[in-house]
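Visitor: Given the structure of chain A, go ahead and fit chain B onto it with the hints provided.
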Amino acid sequence: MTELILLGVLTATYLMVIAKRMPALIRSFCYQSFFLFLVTLLSGFMEKQADLYIIALLILVSKVIIIPYALGLIAKKINIDDNLGLFVNAQLSLITALILTYCSWVFAKTLGFGQGYQLLAITVALSVIFIGAFLMISRMKALTQVVGLLVMENGIFLFASFVSNGMPFFVEIAIFLDVFVSVIIMGLFVYKINKLFTHIDVNKLSRLKG
Amino acid sequence: MQIIIVLGIPVLLALAALFIKKQRIFSIINSIGYLAVLSESLLLLKITAVSGSIKLYGDFIYLDILSAFFIFVISVVAFASALYSIGYIKKDIEKNAVSERKSRAYYILFNLFCFSMLFVPVVNNLGMLWVAIEMTTLISAFLVGFYNSKESVEAAWKYIIICSVGIIFALLGTILFYYAFSLLGGAKSLNWSDMAANAAAMDKNILKVAFIFILVGYGTKAGLAPMHTWLPDAHSQAVAPISALLSGVLLKTAIYAILRFGIIVIKGAGFAYFANLMILLGLASLAISCGFILVQKDLKRLLAYSSIEHVGIISIGFGLGTPWAVIGALLHIFNHAAAKSLMFFGAGNIVSVYKKHNMNGIRGVISVMPFTGFMLLLGMFALTGFPPFSLFISELLIIIAAFTKGTYLIAALLLFFLAVIFGAFIYHFGKMLFGNLPKGMEPIGEPLSGKLAFIFLLFQLCALGAIVLFIKKDLIWAAWILFQS
Numbered sequence: 001m002t003e004l005i006l007l008g009v010l011t012a013t014y015l016m017v018i019a020k021r022m023p024a025l026i027r028s029f030c031y032q033s034f035f036l037f038l039v040t041l042l043s044g045f046m047e048k049q050a051d052l053y054i055i056a057l058l059i060l061v062s063k064v065i066i067i068p069y070a071l072g073l074i075a076k077k078i079n080i081d082d083n084l085g086l087f088v089n090a091q092l093s094l095i096t097a098l099i100l101t102y103c104s105w106v107f108a109k110t111l112g113f114g115q116g117y118q119l120l121a122i123t124v125a126l127s128v129i130f131i132g133a134f135l136m137i138s139r140m141k142a143l144t145q146v147v148g149l150l151v152m153e154n155g156i157f158l159f160a161s162f163v164s165n166g167m168p169f170f171v172e173i174a175i176f177l178d179v180f181v182s183v184i185i186m187g188l189f190v191y192k193i194n195k196l197f198t199h200i201d202v203n204k205l206s207r208l209k210g
Numbered sequence: 001m002q003i004i005i006v007l008g009i010p011v012l013l014a015l016a017a018l019f020i021k022k023q024r025i026f027s028i029i030n031s032i033g034y035l036a037v038l039s040e041s042l043l044l045l046k047i048t049a050v051s052g053s054i055k056l057y058g059d060f061i062y063l064d065i066l067s068a069f070f071i072f073v074i075s076v077v078a079f080a081s082a083l084y085s086i087g088y089i090k091k092d093i094e095k096n097a098v099s100e101r102k103s104r105a106y107y108i109l110f111n112l113f114c115f116s117m118l119f120v121p122v123v124n125n126l127g128m129l130w131v132a133i134e135m136t137t138l139i140s141a142f143l144v145g146f147y148n149s150k151e152s153v154e155a156a157w158k159y160i161i162i163c164s165v166g167i168i169f170a171l172l173g174t175i176l177f178y179y180a181f182s183l184l185g186g187a188k189s190l191n192w193s194d195m196a197a198n199a200a201a202m203d204k205n206i207l208k209v210a211f212i213f214i215l216v217g218y219g220t221k222a223g224l225a226p227m228h229t230w231l232p233d234a235h236s237q238a239v240a241p242i243s244a245l246l247s248g249v250l251l252k253t254a255i256y257a258i259l260r261f262g263i264i265v266i267k268g269a270g271f272a273y274f275a276n277l278m279i280l281l282g283l284a285s286l287a288i289s290c291g292f293i294l295v296q297k298d299l300k301r302l303l304a305y306s307s308i309e310h311v312g313i314i315s316i317g318f319g320l321g322t323p324w325a326v327i328g329a330l331l332h333i334f335n336h337a338a339a340k341s342l343m344f345f346g347a348g349n350i351v352s353v354y355k356k357h358n359m360n361g362i363r364g365v366i367s368v369m370p371f372t373g374f375m376l377l378l379g380m381f382a383l384t385g386f387p388p389f390s391l392f393i394s395e396l397l398i399i400i401a402a403f404t405k406g407t408y409l410i411a412a413l414l415l416f417f418l419a420v421i422f423g424a425f426i427y428h429f430g431k432m433l434f435g436n437l438p439k440g441m442e443p444i445g446e447p448l449s450g451k452l453a454f455i456f457l458l459f460q461l462c463a464l465g466a467i468v469l470f471i472k473k474d475l476i477w478a479a480w481i482l483f484q485s
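Line by line, the protein sequences are chains A and B. Read in my numbering, the first sequence has 92 at position 92, and its numbers run on one by one without any break. Read in my numbering, the second sequence has 461 at position 461, and its numbers run on one by one without any break.
Pulled out of the complex, with its shape left as it was, chain B reads as follows:
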């Protein structure tokens, strides 16, 4: 039942956006809708934690705690984005950057995009999973190219082409999984639940080859290192609330897909194979993003590269594979989504006031926009894994796991890259946030809805870190799903 509400609300909102002409009224309805989605997703989390997996509509929908967790993450960021959109789109209309008519198109696309992302974790059929992920690309390409400037259309083109090619390889991998499953004889099916149940008997070699294709395919979408080239362009050119969705949760839906296939591979071909690949790609992502973060000049690209870094950390966490590392990685998925959304909202505010992305021209943010500046400062510490925030806990869990497992090299590299990135962030943001009030600028008030979005995300960042110890039982359970064999 909850799942129908979660999936239904975005569709209804997309339809409503067609008819409600008053942009202001609709933007508020939109946020209320996503509040409802968020509350339902919490309920879903509870249900799946208590009763295990649920199958609905002739096995079409399959939910376990892993899917519920991803739905929860998506709805948190979607709600924050909907809140932030109220003020952001209003300002865009006032500045004549978009017309009232186009703002309706924005809300239609926003809702369709959220729907397609929420659809990814609920489908059981791996072919439909592929379709859902390709749908997210196609819809969000419009949101990346929304302003129709040369840069944004270029970014959208690269995004749609690179991700489509990547994802075709994922389809090849999916077919190979299907082939491995059909070799067993018996009923043919593309359902994940059936495949996972029979994974141990599948042909090891085919699974191994297939997983490479999956990793290349969905890894492109997730922003893992050698395939990440579309990511900084798309994330830096999209509308600010959409950048948050792209960075915060779109990448995570691809990780979800990798995990689903990963579970089959772990059962069928052993854990070491999965682990080595994930750790290799994770370290490559960290190394590459670290270099680009150091020399970055563009604010939004800086945040985009930081997303690659965090995806790398998450992938290392899953690759290490001890229960605590997996909990750390899952937590990190949530924490990064919240922190990165907060940062993109802040960057959106900065760009709309200063009218430039280049960090060399941005000074004294705290004196121009005290609230945003302060939130960005906190967000920066959160993102780099500073103690009071929950990213510290998740990163610590992964690093501890690396040490206890005896993989000292991985732990050392992880610590090294994190330290360098921390320094780079302090340097970049210190220069931007502090300093005198620039000439010709005055302190500016900010819309209440935008502030609410910041506070909501900051609350998530602090609170989840604190209550992790209370809900860790459920998370351990989720981690266990990965290692049932």
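Bound-form chain A, shown alone:
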């Protein structure tokens, strides 16, 4: 069961890589977060830990509902064309994503996670992190970078929960809060950029040099 959900996370990540428009990207992020919620719920169920239920609920509320909604709202409000502006086209991006997944698998093995579904989980987690980073550098629009950061954050969460059954509870909550605040602040800055520059193309932010 867990394996299936993990593959769901990976599929949602690939969907993001080939997304060309903002709504598709946000929707895929929503799917990814939902699978993350399922994983957490399942491991809470199997290990009978109340903490994990609370964290699963937090994921559902913040990452599946509020953040995608807020991102959609910002995207609508700044009212620009919702093309992501791919530096690397969809096919090449997908190939890169596959290579990153393979690298993650090799990396997970060298770290010593050689057995069972833990290897799969770590591979998925690491590839989500790396693909998130790849999304950030290969897309033009500032909002994509916010999404990329959230994807990386999801990967980290997955990594933490499979490497050592999650971080201590209050640390997990603090990190959650932190991510939430950072998304709000970044959204604010995207808004400011749009107001000052009348676009959110990161590659055109080049006033500061040298």
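Hints may be right or wrong, so weigh each one.
Here are the simulated lysine to aspartate or glutamate pairs, DMTMM-like style, with alpha carbons at most 25 Å apart [claimed, not checked]: (1) A:Lys109 / B:Asp203; (2) A:Lys209 / B:Asp298; (3) A:Lys204 / B:Glu151; (4) A:Lys77 / B:Glu151; (5) B:Lys55 / A:Glu172; (6) A:Lys192 / B:Glu151; (7) B:Lys188 / A:Asp51; (8) B:Lys188 / A:Glu47; (9) A:Lys192 / B:Glu100; (10) A:Lys195 / B:Glu100; (11) A:Lys20 / A:Asp82; (12) A:Lys195 / B:Glu151; (13) B:Lys150 / A:Asp82.
Some chain B residues close to chain A (C-beta under 7 Å, calculated; not the full set) [stated by the list, open to error]: (14) Gly127; (15) Val131; (16) Glu134; (17) Glu154; (18) Ala155; (19) Ile161; (20) Ser164; (21) Leu171; (22) Ile175; (23) Asp233.
Label-pair ranges, simulated between beta-carbon atoms [claimed, not checked]: (24) B:Ser182 / A:Lys109: 17 to 27 Å; (25) A:Lys195 / B:Val351: 22 to 32 Å; (26) A:Gln115 / B:Lys102: 54 to 64 Å; (27) B:Lys355 / A:Arg21: 39 to 49 Å; (28) B:Ser182 / A:Met46: 12 to 22 Å; (29) B:Gly423 / A:Asp51: 53 to 63 Å; (30) B:Thr229 / A:Lys195: 23 to 33 Å; (31) B:Thr229 / A:Lys192: 12 to 22 Å.
Hints listed in this document are in silico derivations from the structure and should not be mistaken for laboratory results. Predicted model, so just to flag it, every value in this text is computed and none were measured. Glycine residues also receive a C-beta, built at the ideal position from the N, C-alpha and C atoms.
Guide: Leaving out everything else, chain B in the frame of chain A:
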């Protein structure tokens, strides 16, 4: 007890800034508050030097001399910045660059920023350490983009994105440390004190991989070379007192984090691994900053690149790792904080009078602003490591350590880069400071609070150099923490 005062005052001041409408009165209260923080931090330094480490509130807070030292550095620069802000923000309001209302926002953010930085060295839990460092990024991003100009918002955006990505890798590293610790069996904990106690038994390979992530992550925040790209933008666009805080102490909090993890790695995976990485990144920082300093045209960017240079020197000092090199690096952390704040205050004064950053258009500073000009001249000599100032001592300690350890190549490169940077600074500042009074400008008086900030920092720069021999026992102790194994 002291720690509650140190952390409480910034929070109280942030709250007070919400209610006190008179900007002038509040700015003075603000400085008095940070004077109190400074005195408490001195007390803290003394306590930790005498009684070793302190744990409070169920291991949540952990203090040893290393944390106390960083708290001291932060409060010195915070106090100077608070003093300098009095005159600077007043002038900004008079020029209509910011409104009275916005100046309150400035003070709220200033205090929250100081709080988040002071929080970094006191937490024991490495996860909370990560949260605290991410908090410093988020709060200071507003202070970088404070003027809402195109340049400043661009700088703030780069700052927040690059640092957030970097720091996510640091979180990955933190989790790997946690994993290595949980493999030992026994109680799971993210507390630094627990991990450091059991470091020797941890899996070497995992520690090594984890430390790479830590170094990339926190190294981004510290401004180490290949990850430094956000730094010149953010430091040059921030409000001048904040530039001082960013350059002087924000970078150092990230170095603090690297050191904490470094101590675990040294114990678990041996010193050579840590040393090689630190020296490599340090030399890269020196080389890159040296090039940019030579060809720089923008005054504040020049100072920002000089911060990268000094972070490089500090990292080489820790990498060399002999007790004297570590003392040199610790001293250098303090000295650089004081000198760089002084320079940023001077640059702030210049920019507000000349209304430009470009050094080609700035001439005759000493005749326009005699006090600032003179202080900048002294500050420049201090920053480049000229003898009467304490940076000379700290740099000398590191170079001597490099020679005595037999790493002649490192010593030679260090000397070479320092000499080139010294020449570049003399060239840039000589042109700016001297020369005739520019047309249409008259000598200008400067606010007393600003002068006090300069004198306070200059005193730190001279005095600490002189008394280093007296307090060296404590510093040796601090250095020893790094090598207990």
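Visitor: Hints broken by the structure, by number, lowest first?
Guide: No hint contradicted; all consistent.
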